[in-house]
Each structure stands twice: as structure tokens, then as C-alpha cells.
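Starting from the structure of chain A, add chain B where the hints point.
For reference, the chains in residue letters:
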Amino acid sequence: MAAQVAVQRGPFHLTRSQRSTLVRALAMATYVLVMVFPFYWMFITAFKQNSDLYELKHNPLIFNDWPTLAHLEYLFGKTLFLTWMWNSLVIGVCVVAITLLAAVPAGYALARLNLPGAQQLGIAIFATYLIPPTLLFIPLTRVVHALGLANTIWSLVIVLPTISIPFGTWLLMGFFKNVSKEIEEAALVDGASRSQAVFRVVLPISKAGLAATGMFAFAISLQAFLYPLVFTSSTNVKPVTLGVVTDLIRGDIFYWGELMAGALIAGLPVAILFNFLLNDFVEGITGGALK
Amino acid sequence: MDAGLVVAAQPRVALSTRVRRGTLRRLAGYLLVLPAGIYVLGLVGFPLALGLWYSLTNTTVASTGAFVGLQNFADVTRDVTFRLAVRNTVVIAVISTAAKITLSVALAFLMLGAFPGRGILRTLFVLPWTIPIALSTIAYKWMFHSQYSVINWIGVHIGLIDKGPNWLGTMPAAIIAVIFVSTWRAVPFGAITVLAGLTAIPGEIIEAARIDGASWWQRFQAVIVPIIAPILFIALLFDLIFTLTELTVVYLLTGGGPVDQTQVMASYALQIGVQGGALGQGAAVALYLLPVLLILTIMSLRSIAKREGL
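If you read the protein sequences in the order shown, they are chains A and B. Counting in the numbering used here, the final residue of the first sequence is number 291, and the numbers go up one at a time with none missing. Counting in the numbering used here, the final residue of the second sequence is number 1310, and the numbers go up one at a time with none missing.
It should be emphasised that the hints constitute simulated quantities derived from the structure, not laboratory data. The reader is advised that the hints may include incorrect statements.
Computed list of lysine-lysine pairs in PhoX-like fashion (alpha-carbon distance at most 20 Å, straight line) [unchecked claim]: (1) A:K181 to A:K207; (2) B:K1163 to A:K57; (3) A:K57 to A:K78; (4) A:K177 to B:K1306.
Going by beta-carbon spacing under 10 Å, a handful of chain B positions derived as facing chain A [said to hold, decoys possible]: (5) L1031; (6) F1046; (7) G1051; (8) V1061; (9) S1136; (10) I1231; (11) L1301.
Since the model is a prediction, treat every value here as computed from it, not as a measurement. C-beta atoms are modelled at their ideal positions from N, C-alpha and C, and glycine is treated no differently.
Only chain A is shown next, with the shape it has when bound in the complex:
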């Protein structure tokens, strides 16, 4: 019916709901453009020939010359990009391991053992998540130095869990609270010891929480910038986020093609990984009251 009316009035007369759909679509398109444009810009820069990139008469939004893999070749062949990726991977995996080793027992004990003061202790641990690196990096340079870890990837392996343990403990407390007590007690009655009950019943049920905590720790370690900046200085010990933005700039010369290629290759996997965590993260900080 509505369509017929619109046709009778001509193509530019829209019904009220069509108009609101149109406005909404336009607003949405604007948002998408602004949000996504930098990624498009990274992409097109990464594959443009320098002659195209630095020619002011060219339309910068399209390939005016043939695309090229030269920047990628330079990035992989003539810089330590693969080393930085490897460093990031090692740091990430270690941070995940340390985080889970500390946060799982803490989260379990605080959520399920009816310890006096458990809630307050949980909040106190979570509160440290809110003490930002800005307040800590200056004294931490001395601590890292004293531990003999200055300018090694192990400085980051040791320091980055300070961000992921508090948040992970908090997340896991939420997950463990949701495991019904009866299931665990049923296992205990069946003759399982407390630790058997935990390993065979509670942890498998909470595996979504464990996965979220682990991925969060990994994402955090890849997102970090200030700690890598102050703790690592040699090219071969940098994680990828730091290596890309510091070592592809020589004096005043920015290797834009390589910079954008590196940013894209290092950034997209992290972005996609973090995307899976979004709901858990939002739930974690808003108190899990919304489901």
C-alpha cells in the first residue's frame, strides 16, 4: 500500500517510516565512513607505489598507478618486523599464562569459598586495574632495572600482568559465581576431592570465562604502548606495536607505505580478537548486571 502511494506521488515523496529509515541509513553510513576510513587509508597506502603516494596531483583515494608489494617486501625483508611479531607473540602467551595462573585460583577462592572479606578483597584487586601505567612507569623503570630485565622482552612479560590479573580476577569471580554450588557439591558427595571437583567440574563449566580472561590478557599485552616504550629500546626486543611506530621512522623520514602495512598486519588480528571479547569486557566493568 505504502509503496503504491509513494509511486503515485512520484519518487521523491516518501512515507514517514521510509524517511526515518533513510535518515537512519545516512547517519549510519556517515558513522561507518568516519570509523572505518583510517583502515581503508592504511590499506591503500600499504599497496601504493611511492610515485603514486607522493604525487600531489593524484587522487589519493584510489590507485593511480599499479598496486605494489614493495612496502611489504621491505617490511618483511629489510626490517625486524617478523622479530617484533614473534616478540609480541611470546610476550602475549607468557602474559596469558601468568594471568591465568594467578587469576583463576584467586577468582575461584574469592567467588566460592565464603572467605570473610572476599568481596572487599576482590574489589581491592580490581581497583588496581584503575591505577594507570602513567602513575607507575617511572618507578617501574627502576624496578625493572633492579630485576635485571631492562631492555628485554621479559620486562614486559613481568609487568603487563599487572593490568590483566586484576581485570581477569574480577571477570572470573563473575563467572565462578554463576556455576551452581549444587553441581560442585554433587561431585564432592560422589567422593571427589575439592581439587578434583574444581578441575573436572567447575573449570570445564567456566571455560568461557577462562577463554575470555586469556584472550583479554593477550589483547592487553598487544595493546600496550607506554610500558614497551620505556622498558625496551633495542630494535630486536621490541613488540610489534612499538617496533612499527618507532623503527619505520628514520630521523625526519617516515616510511609511510611500510608504516601502514605494518600497522594493518599487526593491528587487524588484535582488533578481531578483541571484538570477540567485547561483551565480556562491557559486562565486567558494568558489574555484569545486564544480560
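This is chain B only, laid out in the frame that chain A set:
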């Protein structure tokens, strides 16, 4: 043995075993929390205390330094760059926070409901928040380039501007660029959080308000604001804590320039404390943030505790 005694003794034994077992269990429980506790105390609590101590001394990279009282805190207030940094930190936080609230509520409303391609759109929308900030900032540095700025190119070609500004080399363009990147990054997070709040409002409540003849704005104020306000508030406090202490955008985009004009407290602390080697003074600059952060932290923990029903 007297039967009566045995009967009397039995429960006593059981009771003390039970107490002992309870204590043991509690002890084991606290032991489980210990690794996390030690970690947090050792690498957050201790450095925080050490930083407080440094701020009261003239420690440098080269020397241990002596106690100087509040000298560092007094000295930096007479420092022109420090004042600029405080001003910029406040300006960036206030403007970007206002922009973030408005834009993320708007985006959340756009995303509300089902429509084709919603899943893909959501993934695209959150990209700015999920990509490491250092990497997106370097892309923006290229987009704001003094010669090859694509933003200026687009502006000129759609007839919006004659010739764009030298974004990162002049004021106020440079600080606008910093605020833009900071906002661009945080809007998805705000939108997702608000969306979680909006999805929790039963459709009937909104429908009922509509039937009562409430206009769109009345409905927004009376029905929707009270429901999303608390959750938006928490998201806001979090974001403020990180915006106030954030330095990646400034460090990579403008380097604090032109001539310290976009320096923020965190980047200035880095410049003095690490690059300049004056640990004491750098710590003092950073610690000026502590009172505000404490207030924000207490406020967010309170509202989280309230939501958790503690």
C-alpha cells in the same frame, strides 16, 4: 572409661576438628588469592609507593637523591609547560568526554533493533576501539600530514575548505586532532555499553510511554535516560580515568608539539622523568593526577558495588 564422658567428649572433638578444618579451608582459600595479591602488591602497590617517595626526592637516573619535601610539586607549578600540560589534559578530557557521550548515545540508538548486516556493521564500528591505539594513531599522523593530508584533500574537493590547516603543526588544529582521535577511538566502546543498557529496557515500557502520548524527547528524558544513565556513568568514569592519563595519542601524533602546545600531563611526565632522567620531578608531575584519579576510582567502584548489590 565412663560412658558418659565419652558421649560428652565426642561432640567436643568433632567441633574442634570442624573448626580446625574450617580454619584450614579458609587458610587454603587465602593461599589461592596470594599469587594475585603478591603480584598486585609487588608491581602496583610497591611502585606506587616508590613513585610517591621519588616525588619527594631529587632522584635522577644517575643519583639516588635526597629528601626535598614538596619541592618538586612546588617547582613544577612555576613551569610554563606544566601549566600548559594541565590545561590541555583538562581541555581534552572535557571536550572529548562531551563528544563521546553524545556520539556514543546516538550510535547506540542507530544500532538498536534488528536490521540486515547488523553483525558486520558492529564489527566495523568497534574496529577503532579494538585496534592497538599506537597503530591507529600512526595512521592518523599520516592522514593529518602537512603536505599529503587526505583529510584536507577531501575537504577541498567537496568544497568544504579552501586549503586545510597544517593539522599537527599549528594550534588549535593540533589539539583538535588529538581530541578527534581520542573521541574516534572511544565512541564504539561507549556505544556498545549504552546499547547493552538500552537492550535491557523492555520494549513494553517504551511502548507504554508512546501510548501515553509522550513525545520522542519526553520519552527519552523520562524513560530512557534514567535507565541508561547509571551504566553510561560507569563507562564514563572508566573512560575518564584512561583519557586523563593517556599519552599514546599525544606522543605519537604531535609529540607534544607544536612547541609543547599539546603536551599533556602524562606525556610531560614521560619527557621529564624518562627522557630527561629527572625521576623525582617526573613522578611529581604524574602524581598531580592522583587525587582526581582517586575520586574517579572510588566513584566507579561505588557504582559497580551498587550494581553488584553489595
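- prompt: Which of the listed hints are broken here?
  reply: 3
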